[in-house]
Structures are given as C-alpha cells and as structure tokens.
Amino acid sequence: MIEERSAISKFYNGFNVFLIICITLLCILPVWYTLVVSLSDRAAVAAGEVFFIPKGITLASYQTIIEDGQFFKSFFISVQRVFYATVITFFVVLLMAYPLSKTSKDFRFRNVFMWLLIFCMLFNGGMVPWYMTMKSLGLINSIWGLVLGGGLPVFNVILVMNFFRNLPKEMEESALIDGAGPWRILFGIFLPLSTPVLATILVFTIVGHWNEFFQALLLMTKNENYPLQSYIRQVTANVDLTKLDADSAKRLTSLSNQTLNAAKIFVSMLPLLVIYPFFQKYFVKGITLGSVKG
Amino acid sequence: MKKSFKILAISLVAALSVTACSGNNTGTTNTGANNSNTPAANNAGSGTGESTVDPFAKYDEPVVVSLGRAIDPTYKYEGTDTAEDNLYTRWLKDAYNIEIKHEWEAASSDYGQKVSLAIGSNDLPDAMLVDETQLRQMVKADQLADLTEVYEKYGTERLKQIYDSNPGLLEGVTFDGKLYALPETTLPSAPLTWIRKDWLDELGLPEPKSLADLEAVAKAFIDNKMGGENTVGIVATQQGGSLYSTFLSSGDHFLNLSSVFFAKDAYPGIWVTNDEGNAQYGSTTEETREALALLKDWYANGIIDKELGLRKSSQELITSGQTGIFFGPWWSGYNLMDAIKSDPEANWRPYAAPLNDAGQFNSNQTTGSSYIVVKKSYENPDAVIKMMNIHVNEKQESYKTAVGKEMTSQEIPLFLIMGHGDQLEYAVKTTQKVLTGEIALEEVDKLNYGFTYELASHVKNVKTEPFDNYDIQYWDQVTDADFFQHLYAHLNGGSAFVDADIHWVKSLATAQTKTMQSKWSNLKKLEDETFLKIIMGSAPLEEFDTFVEKWNQQGGDQITEEVNELK
Amino acid sequence: MLNRSAYKHYYLMLLPGLVWLFFFNLLPMYGILMAFKDFNPGLGILKSDWIGLENFKYMFELDDSKQVFKNTIFIAVLKMIGNLIVPLLFALMLNEVKNRLFTRSVQTIVYLPHFLSWVIVAGIMLDIFSYTGPINQVLALFGSEPILFFANEKLFPWLVILSDIWKEFGFAAIIFFAALTSINPEMYEAAAIDGASQFKRLTSITLPSVLPVAILLGTLSLGNILNAGFDQIFNLYNPSVYSTGDIIDTWVYRAGLLDMQYGLATAVGLLKSVVGLILISISYTLAYRFANYRIF
Chain X
150 MIEERSAISK FYNGFNVFLI ICITLLCILP VWYTLVVSLS DRAAVAAGEV FFIPKGITLA
210 SYQTIIEDGQ FFKSFFISVQ RVFYATVITF FVVLLMAYPL SKTSKDFRFR NVFMWLLIFC
270 MLFNGGMVPW YMTMKSLGLI NSIWGLVLGG GLPVFNVILV MNFFRNLPKE MEESALIDGA
330 GPWRILFGIF LPLSTPVLAT ILVFTIVGHW NEFFQALLLM TKNENYPLQS YIRQVTANVD
390 LTKLDADSAK RLTSLSNQTL NAAKIFVSML PLLVIYPFFQ KYFVKGITLG SVKG
Chain R
14 MKKSFKILAI SLVAALSVTA CSGNNTGTTN TGANNSNTPA ANNAGSGTGE STVDPFAKYD
74 EPVVVSLGRA IDPTYKYEGT DTAEDNLYTR WLKDAYNIEI KHEWEAASSD YGQKVSLAIG
134 SNDLPDAMLV DETQLRQMVK ADQLADLTEV YEKYGTERLK QIYDSNPGLL EGVTFDGKLY
194 ALPETTLPSA PLTWIRKDWL DELGLPEPKS LADLEAVAKA FIDNKMGGEN TVGIVATQQG
254 GSLYSTFLSS GDHFLNLSSV FFAKDAYPGI WVTNDEGNAQ YGSTTEETRE ALALLKDWYA
314 NGIIDKELGL RKSSQELITS GQTGIFFGPW WSGYNLMDAI KSDPEANWRP YAAPLNDAGQ
374 FNSNQTTGSS YIVVKKSYEN PDAVIKMMNI HVNEKQESYK TAVGKEMTSQ EIPLFLIMGH
434 GDQLEYAVKT TQKVLTGEIA LEEVDKLNYG FTYELASHVK NVKTEPFDNY DIQYWDQVTD
494 ADFFQHLYAH LNGGSAFVDA DIHWVKSLAT AQTKTMQSKW SNLKKLEDET FLKIIMGSAP
554 LEEFDTFVEK WNQQGGDQIT EEVNELK
Chain H
623 MLNRSAYKHY YLMLLPGLVW LFFFNLLPMY GILMAFKDFN PGLGILKSDW IGLENFKYMF
683 ELDDSKQVFK NTIFIAVLKM IGNLIVPLLF ALMLNEVKNR LFTRSVQTIV YLPHFLSWVI
743 VAGIMLDIFS YTGPINQVLA LFGSEPILFF ANEKLFPWLV ILSDIWKEFG FAAIIFFAAL
803 TSINPEMYEA AAIDGASQFK RLTSITLPSV LPVAILLGTL SLGNILNAGF DQIFNLYNPS
863 VYSTGDIIDT WVYRAGLLDM QYGLATAVGL LKSVVGLILI SISYTLAYRF ANYRIF
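Residue numbers (our numbering), protein chains in the order written: chain X, 150 to 443; chain R, 14 to 580; chain H, 623 to 918.
Rather than coming from a laboratory, the hints here were simulated on the basis of the structure. Computed from a predicted structure; not experimentally measured. Don't take each hint at face value.
Heads up, simulated BS3-like pairs for lysine-lysine below, C-alpha to C-alpha not over 27 Å straight-line [said to hold, decoys possible]:
1) H:K822 <-> R:K537
2) R:K114 <-> X:K222
3) R:K222 <-> R:K238
4) R:K388 <-> R:K210
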C-alpha cells in the first residue's frame, strides 16, 4: 500500500494509538475496580478507601463463593439455558431467514411476514399478560420458559436475512439449475457460507440469555431455580429501604458485604469474557451484512 | 432503615416464642393465664365457654397453606433446612397438622414485584405478606377473604390483647366493616441526633440541645477537621433517598433531615391540623418554609453534606469516620457496627435533640408496613389465624426440646412483629435493672418479653462498669460479639429514645384518598424538586410560595378537602 | 425463478419461528387492551371496564408530561446519534492501526462495559463525579470551583448520554470495524494512485461502504426511541435534576409505585411502540427511496 511515511504521518499514527489506548483503558476501569474490590478487605471497602489498588488482599469472598452451593447451581442453570437457547435460536433463525430473504416477487407474502415480525419486535402486552400466558402454557418454573419466553429474536432474523440477501445470486441460480430445492440450497450452500453471521447471532444469543435476569425473577418460583444473574441480583440490588422485609434486617452485615458482591459479579462475567474473544474471529468478519462490495 | 428496626423485632418475637414455651409445661398454665382474664382456651382443650372452638386444636386432616414468601438467599439454615421445610414448619405439621407450602419465593428486593404480579394476574397464593398499597389494591379488586368472623372465633385472648394494646391498628385494615388483614404492630419511632461524643469531648463542647447548638457543633467539627480534610458536618439523604419521612413511607427517619424540620415545629410529608382546625398538608405550612430557610442557610455554610441527595452512600461517611453527626432512630446502633469495627474509639451517642424553641422534642409517628392477607377463595382462613395464635402464644414442650435454636422470620412463615406497645421500653428498663442487679434475671417476664430475657441474660458479658455510662470504652465487644450489637443498640440508642419526652404528632391521613391516586405522584415530584433545590441553593426561598400555589392548583386543594372529610 | 411449489417449503421453514412468535409474542399482546381499561385484577383484563382513551388523556394532562416527553426525546435522540458517530469514529481510528493483535484486543476490551449493569456503573459514576472525587480534584488543579455534577440540571443529561455512549460504543464499533476491514484494499490503492488525498479516500470509499451498516443500526435503534434508559437514570437521578432528567419511564415508575397503575403504564408503553413503528416505517421508506436500500 502506497502511503506517505512522513513525520506528520508517524505522529498522527502514534497519537491515534495513544487515544485508542486511553479509551480502551477507560472501558476496562470498572471491571478492574470490581476485581479490586472483590479482593480487598471488607472494612476498608466499606470505609471507602479502595479505589484502584486492592487493600488488604484476601481471597475470602471467592472462598465463600466456592462454598456456596446455590451459586454453582444457578451457574449451571444459566449454562443450560444458554445451551438450549442457542441451539433453538440457531435453527429457527436460520430457517426463517431464508424465505424472508427472497424478494416479494419470488415469495409473495414475504413482506407480510416481515412486517409481522417488526410489529412483534416493537409491541408487547406487558408483564401481567405475559405471565398469564406462560402460566397457561405450563411454563412457570421451567427452563423452557426461560429459553422461549422472550419470544422470537427478530433482530437476529434480520441480521441473517440481510446476510443471505447479499450473497451472490449466481450461487443460488446455479443450484436451481441443478434442480436443488430450497432445503438443499439453504443447508448445502447458504449455511456453510454464513459462518460469520451465525457466529454473530450466536454471541448475541449467548450474551443475551446469560445476562437476562428479570424474566427469571417473574417466572421462577423458587430460589434454587434462578439462573445466575437473577441469583446475583438478589444479593447485590439496592434494597428499597422503605419496603424492607423483617428478615433482611437482621442480616444487615452480610447485605453490605461489598467485597462478596463484587466477587459474585466478577465471577458471573468470567464465562462471557472467556467465550467472547474466542468467537470474535468470526464475529468480526461476520457482520459485513453484504454491504461491502468487492 | 427499616431493616435495623426489625432486627430487634425479629429477635424479640422469635425469642419471645421460644422462651415463652420454656416457661410453660404441659399446657395447663399458658400465657393466657398470665393475664387477668381467664384463658379463653388452652392446649389441654379445656374451653372456658367463650366458644366451642379450640384455637389450638390439631386438625384431623392436614391443612395446606400455600404461601408467597420473601426469603433471604444468604441466610444459613440448620443443616439442609429451607424456608419451606425447617424445624418450625415440621413442628407445625406434627403438632397441628398445618402443612406449609410455598407457591413461590422471592428475595426481599424482588418480593414486591412478585406480589404485584400475583395481584395483577389474579394468581394468588392462599396467604402472604403485603404492604399498604398492595392491601388497598387487593381490597379494591375484591381478592381478599373477610377475616372478621374467623378472627373473632378462632383468635386467642393473647392475640386479641396484643391488638387491643395497639389502638387503631385493626381499624386501619377494616373496610366497610370487614376485617381484611392482620396487621403488624409497630412502635412509633423518633429520630435522634447521633454525634461523635469523642469529638465533642476533644473540643470541649457540651451536648447540643437547640438547632443553634447543633450548628455550632457541626461548625466546630468542620473547622477542626475532626474527620479529616473533607470533614462533613451533618450527613443525611443519599441518592434515591428522601428528605423526610412521609405519611406514605417512613424509612423510620433513618439518615434524613426530619429532625431539623421537627425542631422548627414543621411536619412536612404528613397531614396536620392548622390553626383554623382544618387539615393541611405539612409541606405547605409556614413552619416548613422557615425550616427550609434554615436548611438553605446551613447548606450554604457547609454545615450539611454538600452532596445531599447525590451521595452514593451516606453510611460510608459514617463508617469511614468522615462525619460526626447524623439523624437516625434508636436502632441506628446496629448500623454503627462497621464504623466501630474500623475505629474502636468511635463513640457515637444519641441525643434527644434538637429541641424546638419551647424546648420540646417533636416527632411525627411512623406508619406500619406489613399485613397478612388471605385470598378470597381459600377454604381454611382459620388455619392462618391459628398460625398467628401459635406465633404469639407459647409453644409446646416438644417444640422447645426439638428445636433449641432461635427461630427467625426465615423459618416462621407469615412472620409479623407482634408485641405489646411497650416492648422497647420494657426491654431497656429491665435490662438496665438486671445489669445493676436491681432485679434478678429470673424476675424478667420471659413469657411476654422473651427478647428482653435474652438481652438481660447476656448483658453482664457485654457491658462493663460504670453501668450507666454508654460511652464506647465501657463495652466489651469481644466476649459476646453477637449480643454486643443488640445490647449496644438497645442500651445506647434505646435508652435515649425511651427516656426522651417526645411530643408526637400523628398524620391525619395514613393512606391515599381518591384524588391522590391520580395526582399524588405529580405533586410529590413538585415537592421533592422544589425543596431540594431550595436547600441546595439552586432556587430562592420564594420558590416555596410558588410551590404552594402550584400545589393547590394541581390537585392539592381537592385532596385537602378529601382529607378534611376523614377527620 | 422458483415456482409455486417452493412456497410450501417456505411456509414450512417459517413455521417454527411463527409458532414461537404466536405463543410468546402474539398471545400476550391482548395485554395492550389494559391501556384502554380501568384494570381490575379481580375481574381480569377482558372484564374490566372500558375507559377508552382516558389513560392517554390523563397522561397528557399532567403538567409535567411535556417536560417528561421533551427530556425523553432529547436524551434518546442524542444517545442514538452519539451511539452511531462515536463507534464509527473509533472504528475508523482503529482501522488505521495495522497490528492485528492490537486491534483484536482492543475490540474485546471496549465491549466490556456492555456487560456491566447500571447499578454498578452508576455507583462508580456517583463516586467519581462526587464533590471531592477525582474529577473535581482535577478541576481544582485548573483553579476551578468544584462542581456538583449530579445536581446540575444542565449537565445531567450530558452525563447520562455520554456514559451510555461509553457503555455501548464497543458493540457498534465492532460492527463498523468489521465493515471497514472488509473493504477491498485495492480500492484504496487505486484511489491513491489517482491522487486522492486521505480525506478524499475517506469520504468516497470508506464512508459509503459503511453507510448501509449505519442505516441498519440506526433504524433498528429508532424502535427504541422513547426508551431513554430507565435503569441508568433511575440509579443516577435525584429530585434536583427532575426537570431535565425525568424521562417517561421513571415518571411512570413513580406513578405506578404510589398506586399500581397498570393501565397508565401500558398506555405509555403502547404510545412508545406506536412512535417507534412510525419512525421505523419512515426510515425504511426513506432508505428505499433514496438509497435503494432495503433495510429489512
């Protein structure tokens, strides 16, 4: 690549990198802070002495977590949930995206379906009807309730559909000439080419289900059935002081255990932090959305 | 914080229940016998003719009570026990054939959401605990069982006694002549001024009595940097908190500015009677205006935390020793444990101050919070009454020997604080007397005041001489660490409260009127915004007058009329 | 071209998704009726009294509703714009760097804040911007008086907008970066040979290539236009910034808290959805007419 290698250019590049590094550090700060708090001594944290360096380093919080049976139970429930959701989402989205990627010339009611999906993405009936629907479907307290309860992930369908739309037409046409039906085309041709976008929606699904906590609170009747984030939220959420229950009062000291909370938060983030770079390879390539020619 | 308040309460009733049973043997003598009334019923079933129903009879067939429960996920049960299946619930099944099931559980922070959902979707458990707003919703939606008869028929003497000693309580949950809930008994609570006495001593200052005194003390603390470079004078409301308790939510006056208002004879947030004898909203009175003027002044001079309403956690300032003054109820002692741990010399003492110009100590009365409700279609509301009977009365010998562990609200379903109106006073006074040896431990009324007995039996381990000095150095924090916090809170905080001569002002209204339902959130927003801005200096004091005008225009007038009709 | 026989396969493919949609998106939608009723839980949604547009009327009659809507739109629109421009700029900057390892690591890290909840981030912000916190300390070095950031009505919306951008830019930046790296380098070379300056290359090659991505992201975020961020604002605001910080959701939350007003909350939700739908439709039409680009 022809490029001017003048001093200005070098300075510009250096400054650029510097700026990037600053911004990146800014992003890592809160995570770092959480880690630091989780490793510090409780009293020091409560006294507000801890900022960027742990004070009185101790692994006590992490020890408590390891000894806490429920933490791992919830962890496992989240893993289960993510697994089922990923598999189901993968197939459903893939299947849906194909017909929707056709033009309305090739598939007459395509627009109808598409707008139906958009409508469902925007409108919802609220917490109470949702709960009642789940109840009548018998999905209260069920992991399938968590997996399916969020409804069809329309955004993902749109992403994959756009990707399909921008694949070269020749591929499909030659397959048709060979007499291939839609299923063959979808699974034999489109699917192998779609690794990037599929990896992308995989990441979205994993992150989305891993972090979701609210629906689980409504749907699950027992503490033991909570996925991880709901479980963590219970112990870290700011309690509404005017509506506090008798029980929590007594356990005053454990409620304000900021180090333990920080440790729980940090541990719950770890799987995502580990998985994500792994997928990033595909993820990065993936979201061209066919928008770039060449 | 309501939570600390409840520490006492839980322990109180829990221990009351536990110890009550130890004072009882085969059931011929029971708590009922301790009153002047003849017992209405007792375990042996020898009814005295009040009714043919034995409130303590074991059911022939198991009766299932399905509950919605708030639980604490960090609570340690005995062995593999859970909230649904533990020593207490098993005993309930064995002794009374009452089977507890949990229809759903939620952590305290999400419990309200779950209840709201249950109400909204009309999918209710047999019984659960709710707050006042939820109670009214359920009454409106006709979802509740009428408990009037079952209460009369099945309630024990003791239960009725407890409610009688707390006047107005049952009336509050009676709608159209029907009893729709079993309310919790609450103790009125007033905010005390908590000060670092060691700082006062160091600067040679006397304990403050008036607002002017308080101002001087705060100033001295700041000028002398007693809490370090960034000493804060008075710490109060944090982000998300309120400036004072209101008639709808109290927060028990913890870490807000109620005290300053009270000392100016102002009662914002509740409904008072004005000079003409009519109801008026406290926040629109002249006195409130003056209190705001004072607070504005204080803030400008740095007396009050500059980050009023912004601070992430006011508690942190206390724990880290950066401030020496805050306002809180008698049980604030519990919240000081962390502070004392990080600085064993921190000598926090409460004072029944500031007094108003006439030397009086004012306070408004806080409102209750929890109610047991039973759903309309439940076939056995008597089972719930029975559970309450059991809760407030003694338990059988078998339970006592089987258990031996203090039962808390985690084990006991439908837990409410049920006590005589004077439980705190008794606790404080009696413990003091046992400490000095004036009365013997055995003389403590274990039956009615179980927790006091607990306190009294540990007090000698925790308090050193001189017995009537509650400064921090005269406590043994180590020997009996668990009870240190209880005794510290009760004796240090509790005594100041109990000994204080308090002028109580009660709110004329304790729940929403019709117009409030659609206008109150708007009016409240106007109030909160205006007041905070006035204090912090971003609005002039005259803004208050504009506020009163707008408030009346936007529905306040109408609401005031409605409250007038309540009187 | 495919003939009609392909249709039955298409329907079959759509079936699982439609079933999912039906049970979990469409069925609960009857709840929208609550917006038009005086909801009584004892009677259920269907049997509760019909009150037509009263909830909506009430919403607009309140003196503060104008203010609340204004705040919501201001914050939401600026967030939307910021969440498009900043990631794009950042992606452009990153694109200048050749080192793959560096760019990969950076992308991973800048996505981190997205995982944190607002409860945590808000707590940290309150500390950092506090009266005696680091920011004010730095300001003091420049001789300025300490600022009470979160009590300042003018600053508050900006704190909200900027912190949201900080939290979410990583996501869009990655998408933009992917688009940028897919641009064929030969195009740049050709342009350079033709004498185009770096700036010209940017405007003629780079930006047009990422335009579709920008449009897609922008459009989809339009659906969210009236969600100015409840979680975030709830954990940051206080009464002294209500005038610029109170948004539709926090206001409805307080109204619902003081008296469980399901009808009102549903009505507001419905309004938001309708506005979102209108905006998405408009931008879809515009993109199609002017850029010949079908967003979906």
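So, going through the hints one by one against the coordinates:
1. H:K822 <-> R:K537: The given pair, whose Cα atoms are some 57 Å apart, is violated under the 27 Å limit.
2. R:K114 <-> X:K222: holds (22 Å)
3. R:K222 <-> R:K238: holds (22 Å)
4. R:K388 <-> R:K210: Distance of about 52 Å is beyond 27 Å: violated.
In summary, the structure is inconsistent with hints 1 and 4 from the numbered list given earlier, while agreeing with the others.
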